[in-house]
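Novice: Next come the chains, spelled out residue by residue.
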Amino acid sequence: MRRAPRVHPRAFEELVTEHLDSLYRTALRLVGGGVADAEDLLQDAVLRAFEHFGQLRNQEAGRSWLFAILVRTNLNRVRALYRRAEQLTADLSDGAFEEALSAWQPSATPEEIFERRESADRIVKALDDLNPVLRAALVLTDVEGFSQREAAQMLEVPEGTLASRIFRARRELRRALSESSRELQGRERR
Amino acid sequence: MTSECGRARRLLWPDSGPRSITPEVIEAQEHVEGCASCAEFFEEMRRLSDGIRHSVPRTVAPLEVRDRLFKAISRARTQTGPRFRPNAPLVAAGAAAAILLLIFGIRAFSGANPPAPRSLIPVLAEEHARALGEAGIRSSDPSEISRWLNGRLSFAVQVPVFSEASLRGARVLELEKRRGVLIEYSLGDDLISYFVVADLPTLRTVSAPSLEETVWDGYHVVSWTEPGLLHALVGNVSKSKLRVLARKCIEQAGNAMAAFSGSKPVSSSKPVS
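Residue numbers (the numbering used here), protein chains in the order written: chain A, 1 to 190; chain B, 1 to 273.
Bear in mind the hints are in silico, worked out from the structure with no lab data behind them.
Watch out, some of these pointers could steer you wrong.
Okay, the calculated beta carbon distance ranges per label pair [unchecked claim]:
| no. | chain 1 | residue 1 | chain 2 | residue 2 | range |
| --- | --- | --- | --- | --- | --- |
| 1 | B | E4 | A | R72 | 50 to 58 Å |
| 2 | B | V161 | A | E51 | 48 to 56 Å |
| 3 | A | R72 | B | E33 | 49 to 57 Å |
| 4 | B | H54 | A | L184 | 15 to 23 Å |
| 5 | A | N58 | B | T59 | 23 to 31 Å |
| 6 | B | P62 | A | L184 | 28 to 36 Å |
| 7 | A | E51 | B | S3 | 46 to 54 Å |
Positions of the beta carbon are idealized from the N, C-alpha and C atoms, including for glycine.
My request is simple: use the sequences and hints to build the entire structure.
Specialist: Have a look at this one:
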């Protein structure tokens, strides 16, 4: 009888179980909210991770490793869409990024946007409506809490590029939320 | 707002990790200290980031998504080759055993013990391959696990204690519409799952349960039945080790039953086929 390898026999399943909720959540956001698409993406990514599990040397890096595979699987699945989205949101040079940063106008009432009871749905919708390139940057950092360095590695872009994507994503999100807030207030007044 | 603002905001962009203190960075820091607009910018970035983090719901993966995912992993595990591959003589022995099973199958089915529902074996192996998960209890205390199981199952379960294996926890599961429990142990680097699953009710009584052995998806499975319940031990350890543990399960359950009813305890030397 051949002995089993001295690897924890269920290490892969345990790793997936530990991060399943956040992987599912991220898949849901990466595909823009479609449950069936999110499940497909999650399954593709997890099976890909299973094939390459032997290459994971540092078990403590398991979370970043799984997320990197999820993000790259998504990139492969929607490469055409991403290419189009990347063209639409061509990354900014340092100079253009600085211009955009200095043009930022403070929002009068950003707290109000987040404090409204019904805002969670609106925020999710605004997030799902973002350009997929910008959305991925925001989901990994602001939602899932990865550092910008980790997220940049997952998305295979320089950190400066990621910073400008995060900035533009927040700007777009704020604009969308302010608009929907105004619409809501208008409806309430009527 | 000046071009200095844009430069300072880029250089001091939050969460970009440790940055080297260059004259440019020092200049940017000095600018921000004296610039209300930049201070407001950084404060708003922080509020937006926090607001997004706290507003996006912490969605949990639905159970059916988990099930389908772990089934897919289990299938992939089988396709990429099981961890336990019998060599040629073992395959031949297996084939011989299969022929013997065919010959004696009818006898076995008409014997004193109801056969283990074979359809459940793949499901048990699959459940064994999954982690304990968040739904169960992690504990090495048998009484704590017994208390946790109490009320979650429609039948009593004796949580076995093994000197050679450590208790890790338990979870309740639904297997093809049958309620059951998985109690997990570790034996060295290997994990063993002890299943007790509600079986189809039978009127037959069993004096000495017979052990059935099989291999599924690289895992050894030793199972036995008692009226209304299927028991199985699944693991990556040898069948002989599982048999020893199975006998201990039977013995401890018998002793618990005897203590409950005040009858003579089951002897450890009692033959179990």
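Novice: Determine for every hint whether it applies to the structure shown.
Specialist: Structure-based check of each hint:
no.	hint	verdict
1	E4(B) - R72(A): 50 to 58 Å	38 Å, violated
2	V161(B) - E51(A): 48 to 56 Å	39 Å, violated
3	R72(A) - E33(B): 49 to 57 Å	41 Å, violated
4	H54(B) - L184(A): 15 to 23 Å	20 Å, holds
5	N58(A) - T59(B): 23 to 31 Å	28 Å, holds
6	P62(B) - L184(A): 28 to 36 Å	30 Å, holds
7	E51(A) - S3(B): 46 to 54 Å	50 Å, holds
Checked against the numbered hints given earlier, this structure breaks hints 1, 2, 3; the rest are met.
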